[in-house]
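Novice: Sequence:
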Amino acid sequence: MQAAELSYVKLAGPNQYKVTYRVYRDCGGVDFNGIVADLEYRTTGCTGGPWPRVRMVLVPGTRRTGSDYCAAVGSPCGFNQPTNYETGEFTATLTLPPGQWTMSVSVNARPELGNVENASSVELYTEATLDNRQGQSNSSPVFSSNGQVVKFVGWKLPTTFSQLALDPDGDSLVYELVAPLVGCGTDTLTYKRLPNDGNFQLSATPPCVVVTTVARYSPRFPLASFNLSGTCPILTGQPYFDFNPANGSISMLPVLFNPAVNSAENKNVVAVEVSEYRYLTNAIGQRYLALVGSVRRDILFTVVDCGNNVNPVVGLLTVNGSSVPQSVTTPIAATAGQLITVRVPAADANGTQLLTMTSNVEQALPNSEFTPAPPSVNPTGQITWIPPVTLPSGLYYCTVTTTDDACPIKGVQTQTLTFRVTNTLLSTRPARHATALVAVPTPFQGQVSFQLAKAGVQPVLVFDQLGRQIATLQSLPSGQVQWRPAATVPAGLYLARTPDGSQMARLLRTGTE
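Residue 418 in my numbering sits at position 375 of the sequence shown, and the numbers go up by one each step.
Among these hints, one or two may not hold up.
The list that follows gives simulated cross-link-like pairs (lysine to any residue, SDA-like), each with its CA atoms no further than 20 Å apart [what the hints assert, rightly or not]:
1. Lys199 / Gln281
2. Lys235 / Asp212
3. Lys194 / Asn351
4. Lys194 / Lys61
5. Lys61 / Asp174
6. Lys61 / Pro103
7. Lys61 / Asp214
Simulated from the structure, these hints should not be mistaken for lab results.
Whole structure, please, built from the sequences with the hints as guidance.
Specialist: So, in structure tokens, the structure goes:
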């Protein structure tokens, strides 16, 4: 059992919760049909066992095989095949009256690992917590990057992944690297010492030794990842395992690799905990910030030799068609109710590989869309977003993942983008949710129309994919809007919206009549 996580969703029934256990098994091990997943739940913390439990059920259709290999290898899954993983989801429904709840699942067993002691002799334990003592409704954060839990990471290759979680209630999230659990409370795995206490051989030919100041793995340094300086035979290693506590982004540069087939030294467990906070009101009317729940995810990173392949990268961003490009690490300024477009280019130093871009933007940002480019050597994807007028000011995150077609193992890089939203909505103005309008026909050629929520003559603005306003329309007295673009307006995706951003329609033109 390579990785796991728990999450829960509040159901409509009184104190009813649906709990989901997602687990990642080694394809060469026990099939999911042989796995027993018992969900324990209690309000007594780690005392008072044995605790009540319920048998979780494997959900049909949730089994998915890892896709880290190129098309020529496919997605192998079975004994004596290339190492891979399979994901499965188990669910159960619980009644959880107001209290401080801890839910947990243990399954046998972890693989032997390079960064912790005796991992194969203990169970894979994971847990989630819920504090609903005030009777408030709460659903847990859910990790959005399901494909970045069991991953190959390239030896001596800079790599960035995402452990971004989304919270359906809009609670504030805090991320933390923690020690993997063996059982409840402080029962954790013990970290190993690095080879030769952190001074290890990088290569035999030419002879090269890395000298560091790190002697032991830890939750915040769970993988031998260093920035190297100097020249062989002696290099200096500066610890480099960068973790962003605001969005769960992880960057690393693995430098320790054992070429032996399926060596445990190359496998490293990393554990992330996400805690959710919310302002509540006590009995005397005072507001206070409360921890209302948490989830954990155990991750498995396996270091591999990728040969001459390098990972793709995301370049400078173009925001709203500006001629001044912007760094991917700089927060992108956005205003609630106003359209913003971000063009995201990707490149690969190998030069000939086809790159594929994906994004979780439509999950992470309400009222948004990602338009990927066809796989190419230098694709450019685009994020289009109108933040709802009711969206509070603050930082919002999404990810863009770029994958090359190297063989046998594809190179992957995930960049987390940050939007800094400013909401200029006056406190005296009634709050409104952005409404998506249905345009017909979709797609269209010569003419398209849609209906506004209210009758009356109103202005409507039309923007192209670069965020440039290309037309100003007027609705009919009935509230219907019609657009007959000129033949010179190219095919593509357009956005029509009211000036306040409260209503919008996506207009896809495929050509002219």
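Novice: Looking at the structure, which of the earlier hints fail to hold?
Specialist: When the structure is compared with the hints, numbers 2 and 4 turn out to be violated.
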